[in-house]
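A.B. asks: Below are the chains, spelled out letter by letter.
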Amino acid sequence: MFENLTDRLERSFKLLKGQGRITEINVAETLKEVRRALLDADVHYKIAKTFTDRVKERALGQDVIAAVQPGQLMIKIVHDELAELMGNEAVDINIKANPAIILIAGLQGSGKTTFAAKLAHLLKTKRSKKPLLVAGDIYRPAAINQLKVLGEQAGVPVFTEEGVKDPVKIAKNAIRHAKKEGYSAVIIDTAGRLAVDEEMMKEITSIKQAVNPHETLFVVDAMTGQDAVNTAKTFNDRLDYEGVVLTKLDGDARGGAALTIRSVVNKPIKFVSTGEKVDALDVFFPERMADRILGMGDIVSLVEKAQEQFDEEEARKLQKKIAKNQFNFDDFLGQIQQIKKMGNVKDLAAMIPGVGKAIKNMDIDDDAFKGIEAIIRSMTPEERANPMVLNGSRRKRIAQGSGTSVPEVNRLMKQFNETRKMMKLMSNKKKLSGMMNMPGLH
Amino acid sequence: MVAALFSPGRKKLDKGLEKTKENVFKKLSRVVAGRSKVDDAVLDDLEEVLITSDVGVETTLKIIERIETRVARDKYLGTDELNTILKEEISALLTGENQRPEEGFNLSGKPRPYVIMVVGVNGVGKTTTIAKLAWQFKQHGYSVILGAADTFRAAAIDQLQIWADRAGTELVKQQMGSDPASVVFDTLSAAKARNIEVVIIDTAGRLHNKANLMNELGKIKRVMQKVIPDAPHEILLILDGSTGQNAFEQARQFAEVTEVNAIAVTKLDGTAKGGVVIGISDQFKVPVKYIGIGEGLQDIQVFDAREFVDSLFS
Chain E
1 MFENLTDRLE RSFKLLKGQG RITEINVAET LKEVRRALLD ADVHYKIAKT
51 FTDRVKERAL GQDVIAAVQP GQLMIKIVHD ELAELMGNEA VDINIKANPA
101 IILIAGLQGS GKTTFAAKLA HLLKTKRSKK PLLVAGDIYR PAAINQLKVL
151 GEQAGVPVFT EEGVKDPVKI AKNAIRHAKK EGYSAVIIDT AGRLAVDEEM
201 MKEITSIKQA VNPHETLFVV DAMTGQDAVN TAKTFNDRLD YEGVVLTKLD
251 GDARGGAALT IRSVVNKPIK FVSTGEKVDA LDVFFPERMA DRILGMGDIV
301 SLVEKAQEQF DEEEARKLQK KIAKNQFNFD DFLGQIQQIK KMGNVKDLAA
351 MIPGVGKAIK NMDIDDDAFK GIEAIIRSMT PEERANPMVL NGSRRKRIAQ
401 GSGTSVPEVN RLMKQFNETR KMMKLMSNKK KLSGMMNMPG LH
Chain S
1 MVAALFSPGR KKLDKGLEKT KENVFKKLSR VVAGRSKVDD AVLDDLEEVL
51 ITSDVGVETT LKIIERIETR VARDKYLGTD ELNTILKEEI SALLTGENQR
101 PEEGFNLSGK PRPYVIMVVG VNGVGKTTTI AKLAWQFKQH GYSVILGAAD
151 TFRAAAIDQL QIWADRAGTE LVKQQMGSDP ASVVFDTLSA AKARNIEVVI
201 IDTAGRLHNK ANLMNELGKI KRVMQKVIPD APHEILLILD GSTGQNAFEQ
251 ARQFAEVTEV NAIAVTKLDG TAKGGVVIGI SDQFKVPVKY IGIGEGLQDI
301 QVFDAREFVD SLFS
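Read top to bottom, the protein sequences are chains E and S.
Going by this note's numbering, the letters in the first sequence line up with residues 1 to 442, in that order.
Going by this note's numbering, the letters in the second sequence line up with residues 1 to 314, in that order.
Simulated from the structure, these hints should not be mistaken for lab results.
Treat the hints with care, as some may be off.
As the list claims (entries may be wrong) - If the Cβ cut is set under 7 angstroms, some of the chain S residues that face chain E in the computed set are: (1) Val31; (2) Ala33; (3) Gly34; (4) Ser36; (5) Ile51; (6) Val57; (7) Ala154; (8) Asp158; (9) Ile162; (10) Asn209; (11) Ser242; (12) Thr243; (13) Gln245; (14) Asn246.
It should be emphasised that the depicted structure is a prediction, and the values quoted were computed from it without experimental measurement.
All C-beta atoms in this analysis are idealised placements derived from N, C-alpha and C, irrespective of residue type, glycine included.
Construct the complete structure from the given sequences, taking the supplied hints into account.
C.D. replies: Below, the structure is given as structure tokens:
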């Protein structure tokens with residue numbers, strides 16, 4: 001996401017190259033590009049304008065010291081302004097109360113129900129809460145069933161009152177139920193509604209008044225266009241929500257709506273939703289997003305993701321094996337599993353500075369490892385532990401068993417041997433950071 | 001009585017697009033208020049009006065440039081003429097060679113069964129649009145069968161079943177998680193065996209940058225062709241009217257993998273952004289065929305460019 005903005009900025013910054021001082025004249029073209037880029041990213045027209053004015057103000061007259069190129073200085077200024085516009089610091093969700101009541105609102109199709117389930121999963125697995133999901137969308141056909149299925153995937157019970165046609169009543173009953181049963185968080189999913197639908201906006205207001213939530217979250221699709229400004233405002237006027245959730249960020253939308261909403265309603269973006277799996281939910285870090293917009297990668301997120309999935313004990317064992325040159329196909333497979341656990345490979349790779357742009361048009365799927373896995377799984381335990389025994393006829397058998405070809409098996413063997421060699425080298429130099437080896441991506 | 005329901009006509013369109021109209025118009029009149037001449041300032045403001053209506057940067061610049069050319073040619077352009085010129089320019093974009101005359105819900109001369117495959121990203125309103133289409137075709141006297149090939153999203157099948165019941169059409173379905181291509185095969189076979197005239201296939205929402213999901217659409221298509229060699233006859237891309245610039249990216253990428261030949265823009269009742277229709281029509285060879293303007297079964301219309309422009313500028 002945001003690649004185009006980065007491309008544009010990079011191009012326009014080139015115009016500044018070799019100029020000793022940022023002046024009204026040499027900055028004009030750059031600012032025009034910045035503004036155009038923001039508009040292309042769906043940042044609201046007025047906000048894009050204010051933004052470029054501010055950047056200009058800060059940039060004008062700045063001396064470009066020898067060590068920094070004018071372009072770099074502009075990147076710095078644009079980055080700082082972007083980060084500031086988005087709120088500088090991550091704001092956490094308020095779940096101190098018991099039960100903490102969370103109300104979810106948004107337009108149709110923005111991803112409320114999916115987000116509700118993801119949030120429940122997050123509270124359960126990472127914040128040691130005992131959440132209850134509440135099916136408050138009584139309008140959309142099968143919305144309740146959808147939440148039930150997603151709740152099951154998240155391992156969180158879903159409170160429903162089928163036949164009850166009053167979401168206010170359902171919400172109240174749910175909270176009573178939660179208190180009685182000892183749930184420590186209640187997440188209320190509501191029907192999608194248009195900001196212009198007076199009746200429905202009244203309904204969500206009365207739900208809010210009835211349950212008095214600790215957090216009201218406004219869910220918005222990252223692909224939203226210029227109307228984000230009106231929608232966000234209308235919902236905020238009615239609900240005075242605590243935070244915003246940006247969904248479908250695994251698409252290639254540039255997500256300018258994030259900037260727009262943040263600056264129009266002055267409410268923090270708390271979560272970003274990045275995929276169909278129940279754990280594809282991240283906390284929003286404005287600084288990182290700004291870095292990402294500017295193509296500086298999101299290395300902090302990557303490291304955190306790695307840490308989350310990384311098992312210290314396993315790593316130590318692996319370390320030993322590598323030192324003794326005993327790294328085998330079982331370990332190789334284990335590493336692949338770990339990388340897969342971290343999420344979509346392309347998402348991960350995009351977080352590495354400089355890589356985002358390079359892989360923009362490449363197809364790396366979750367299936368990237370499928371062939372490799374198939375090959376390894378077609379080996380006998382002995383072959384996995386002792387790759388040396390893999391002679392021609394064994395390779396042929398493996399190729400047949402895995403539905404691949406002998407050259408593919410050979411390629412994997414070669415990759416494996418190289419990885420092994422590299423690991424040995426690395427382990428001699430410094431402690432291995434197991435995650436950073438991505439087999440299959442050579 | 002039924003006829004009144006299924007031909008909401010101008011009134012409904014006007015109502016559905018009220019927001020768009022109000023906004024574009026209010027903004028436009030503000031642009032020209034107190035000014036007599038189209039100058040750079042007016043053009044700047046016009047740019048703002050168009051961009052904030054999600055016409056898209058590309059198309060906006062194109063419109064502005066054309067007006068600039070006219071200003072340069074005619075030397076003087078009064079603001080009172082701006083409205084007329086804009087209407088002309090927008091009509092030209094909408095009814096240019098990109099657009100072919102629409103047949104609407106009349107399928108005479110079309111192959112039977114007429115197979116429509118519906119595609120789009122998540123949350124744009126595919127399932128609802130299918131229900132509306134099914135209902136419309138039924139009202140026009142055709143037999144309709146639906147295929148629940150969104151076997152991925154939780155409860156998508158249940159949702160379509162409820163809609164199918166409301167629209168009074170049959171639905172072919174399997175379990176959640178089953179192979180969508182197999183559902184499609186069953187649906188088309190059933191349609192063929194029983195001489196059903198219209199087949200509409202729901203597919204799972206997929207973000208256009210996910211290669212494997214996009215490739216799945218190709219597979220579905222190939223399976224269709226095993227039953228009916230020239231199917232699907234219509235690949236309908238659904239775009240959410242409140243989507244911004246990404247709508248163009250969606251159109252581009254879906255068109256790359258599936259030969260999209262019709263577009264439906266949904267949720268136009270809730271947003272001030274009918275502008276996206278203008279941008280899409282301008283930038284793609286694919287016509288906007290339907291627009292969704294409400295939540296009821298009857299709230300879908302065959303898109304008529306002239307009527308649309310009239311409703312914007314009346």
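A.B. asks: Against this structure, judge whether each hint is valid.
C.D. replies: Hint by hint, here is what the structure shows:
Checking Val31 (chain S) against chain E by beta carbon gives a least distance of about 13 angstroms; that is not within 7 angstroms, so the hint is violated. Because the beta carbon of Ala33 (chain S) sits about 18 angstroms from the nearest beta carbon in chain E, more than 7 angstroms, this interface hint is broken. The beta carbon of Gly34 (chain S) is not positioned within 7 angstroms of any beta carbon in chain E (closest approach about 20 angstroms), and the interface hint is therefore violated. For Ser36 (chain S), the interface hint is violated, the least distance from its beta-carbon to any beta-carbon of chain E being 25 angstroms, above 7 angstroms.
Residue-level restraint check for Ile51 (chain S) holds (minimum Cβ-Cβ distance to chain E is 5 angstroms; threshold 7 angstroms). With a least beta-carbon distance of about 5 angstroms to chain E, the hint placing Val57 (chain S) at the interface is held under the 7 angstroms criterion. The interface hint given for Ala154 (chain S) is met, as the beta carbon of that residue sits about 3 angstroms from the closest beta carbon of chain E, less than 7 angstroms. Checking Asp158 (chain S) against chain E by beta carbon gives a least distance of about 4 angstroms; that is within 7 angstroms, so the hint holds.
Here the hint on Ile162 (chain S) is kept, as its CB sits about 4 angstroms from the closest CB of chain E, short of 7 angstroms. Evaluation of the Asn209 (chain S) hint against chain E yields a held restraint, the C-beta minimum of about 5 angstroms falling below 7 angstroms. This hint holds: Ser242 (chain S) has a C-beta 5 angstroms from the nearest C-beta of chain E, less than the 7 angstroms allowed. Taken as an interface hint, Thr243 (chain S) checks out: its beta carbon lies about 5 angstroms from the nearest beta carbon of chain E, inside 7 angstroms.
Residue-level restraint check for Gln245 (chain S) holds (minimum Cβ-Cβ distance to chain E is 5 angstroms; threshold 7 angstroms). A distance limit of 7 angstroms between C-beta atoms decides the matter here; for Asn246 (chain S) the minimum to chain E is near 4 angstroms, and the interface restraint holds.
Taken one by one, the earlier hints fail for this structure at numbers 1, 2, 3 and 4, listed in ascending order.
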